[in-house]
Amino acid sequence: MKRLTDTFGFVGRWILGIFVGLGRIGIFFLSTLRGIAYPPSKTGLVIKQIYFIGHKSMFVIIFTGAFSGMVLGLQGYYALSKFGSEGFLGSGVILSLVRELGPVFTALMVVGRACSAMCAEIGIMRIDEQIDALRCMAIDPHGYLVLPRLMAALIAFPLLTHVFDVVGVWGGYAVGVKLLGVNPGAYWDGVYRSLEWQDIWMGIVKSLVFAVLTITISTYKGYYAGVDRGSRGAEDVSEATTSAVVTSSVTVLVADYIITSIML
Amino acid sequence: MTEPDRELIRVRGLNSFYGRKQVLRDLSFSVEANRIFVIMGMSGCGKSTLLKHLVGLKPSPPGSIYIEGKDISGWNHAQWNNYWLRIGILFQNGALFNSMTVAQNIALPLMVHTNLPKEIIEIMVEMKLHMVGLSGTGALMPSQLSGGMRKRAGLARALSMDPEILFVDEPSSGLDPITAAGLDELLLSLKETFGMTLVVVTHELESAFRIGDQMVVMDQGRIIAYGTPEEIRQMNDPRVQQFLSRRPDEEHRDYDSYISRLCKVKRR
Ligand SMILES: Nc1ncnc2c1ncn2[C@@H]1O[C@H](COP(=O)(O)OP(=O)(O)OP(=O)(O)O)[C@@H](O)[C@H]1O
Ligand SMILES: [Mg+2]
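Quick note, the sequences are listed as chains A and B, same order. Numbering of the first sequence is given in my numbering, commencing with residue 1 and proceeding in unit increments. Numbering of the second sequence is given in my numbering, commencing with residue 1 and proceeding in unit increments.
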């Protein structure tokens, strides 16, 4: 009996904990949006963050985009050639990229490349009392630290996703056409004919949602690094960063499934 | 300029906790405008925590802290922002923004809260740096400064908006006697020339008695002495006298109990 109540108690606390966490992150997000109305002006900060997220992730996006497209070309070719329909390679590659791989891989790469750094940077500001210092200068830390990153991500994520898609299509072309001998006309024809506005739209929606989710989670984790335990150590920052990367990545995949099932 | 003897901050029966641990017990005192109020006490007795309450970084229970007669526990966002625009704080660790240069640190509040042209802000930044004796270091990053320089850069940043009330947490820790004395002069001149009110946490007895108009001595979260420097000096309380004469606790010199404590550690 005691065991049973213990188990229920444990599960209950666990579920409660999840809801409390969701509530807190929701409040965090809303306080961030409120920052739009207050100084400081965000333009310069946003540009700096676009540079940080966008430019610095460019190389890794091009790299992963190229290889994803090449793998798609390879796998698609062998799967399609069984039915003698290599001509559909172009449409297979472009649809996989635009609807799924582009937004998801871009988000995962940015999580690893930029979100972890954001979380660590804000976490260090927390444990070093720099966030307290901001508040006491009447500068809203949400508006100053989180909002510019969020706005920058809303611009950078779709752009990076499109770079990924374009590079990926060329990767598929390189393998499918140049290496395996698919007819180039058929390849590009498949790309142009199968791609519809709805697919592009789905990719954009995904990348915007992923931008909001990953940035909110990572900055939230950094912002509250060590706060619950009332401690201010380096391990609080490292723990927050790990947790930010894991939680963001998992959330991207879950959200991807949900969006796909709604939009298909 | 403020008229003397005007009560600016009133603390009444302030208790403070970290979790279950009580760090401040029933503190009561008043800070008058255009005075230097000094907080002294042993390490870990709760001085920084007290400052956190006074600047609103740690919520205070209702009825315990009044600023200009108004209970701060009920303040809304706008009232806090209003207050924060009037105060400057030097944190114990400096709390400089480490992604910005020293000059950008000092300029930040000016950039956000004023419409001053860039050239004017640059001049103001240089003036503040000069005040704390750091002229010409504006282009350095905080990580390139020594501990004492970081402290002074933090002070320059606290001064950048010309606050009415300045809170400083151990301005002279990590400074040589000459620089520390210069800093005392600066704090005095802030009071006399600019009419600022200062709340200063310090360990330096000499400097505390030189600059302080009013002071409290704290011990384990309680106030054990409160008054003017002369009143404090004349107090007979053994803890106060021990603090003023820099006598270490008896247990630190009691080697027998020290040895026996060490043995206990080993046995556990
Ligand atoms: N975030 C925190 N969580 C739990 N306890 C804390 C926290 N910050 C401080 N304390 C405790 O509160 C007490 C007072 O700390 P505080 O920093 O106010 O001391 P202090 O008087 O400023 O000391 P020092 O002169 O060394 O700076 C200490 O016993 C400390 O252990
Ligand atoms: Mg302290």
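One or more hints might be untrue.
[Unchecked claim] Derived lysine-lysine pairs resembling DSS-like cross-links, with alpha carbons at most 27 Å apart:
no., chain 1, residue 1, chain 2, residue 2
1, B, K118, A, K42
2, B, K264, B, K70
3, A, K178, A, K82
4, B, K191, A, K48
5, B, K21, B, K58
6, B, K21, B, K191
[Unchecked claim] Residues from chain A shown here face chain B by an in silico Cβ test under 8 Å; the list is partial:
no., residue
7, L4
8, D6
9, C136
FYI, nobody ran anything at the bench for these hints, they're computed from the structure. On a predicted model such as this, the values are computed, not experimentally measured, just so you know. For glycine and all other residues, C-beta sits at the position ideal for the given N, C-alpha and C.
Here is what the structure says about each hint:
Between B:K118 and A:K42, the direct Cα distance comes to roughly 17 Å. Compliance with the 27 Å bound is thereby established for this hinted pair. Simply put, B:K264 and B:K70 have alpha-carbon atoms about 52 Å apart, too far for the 27 Å limit, and the pair is violated. With a C-alpha separation of about 19 Å, the suggested pairing of A:K178 with A:K82 holds against the 27 Å cut-off. Taking the CA atoms of B:K191 and A:K48, the gap is near 40 Å; set against the 27 Å cutoff, the hint is violated.
Annotation: proposed proximity of B:K21 to B:K58 holds, straight-line Cα distance about 15 Å (limit 27 Å). Between B:K21 and B:K191, the direct Cα distance comes to roughly 36 Å. Violation of the 27 Å bound is thereby established for this hinted pair. Violation of the interface hint for A:L4 is found here, the shortest Cβ-Cβ separation to chain B being roughly 31 Å, above the 8 Å cut-off. Proximity of A:D6 to chain B is violated relative to the hint, the smallest CB-CB distance being about 24 Å (cut-off 8 Å).
Proximity of A:C136 to chain B holds as hinted, the smallest CB-CB distance being about 5 Å (cut-off 8 Å).
Checked against the numbered hints above, the structure violates hints 2, 4, 6, 7, 8; every other hint is satisfied.
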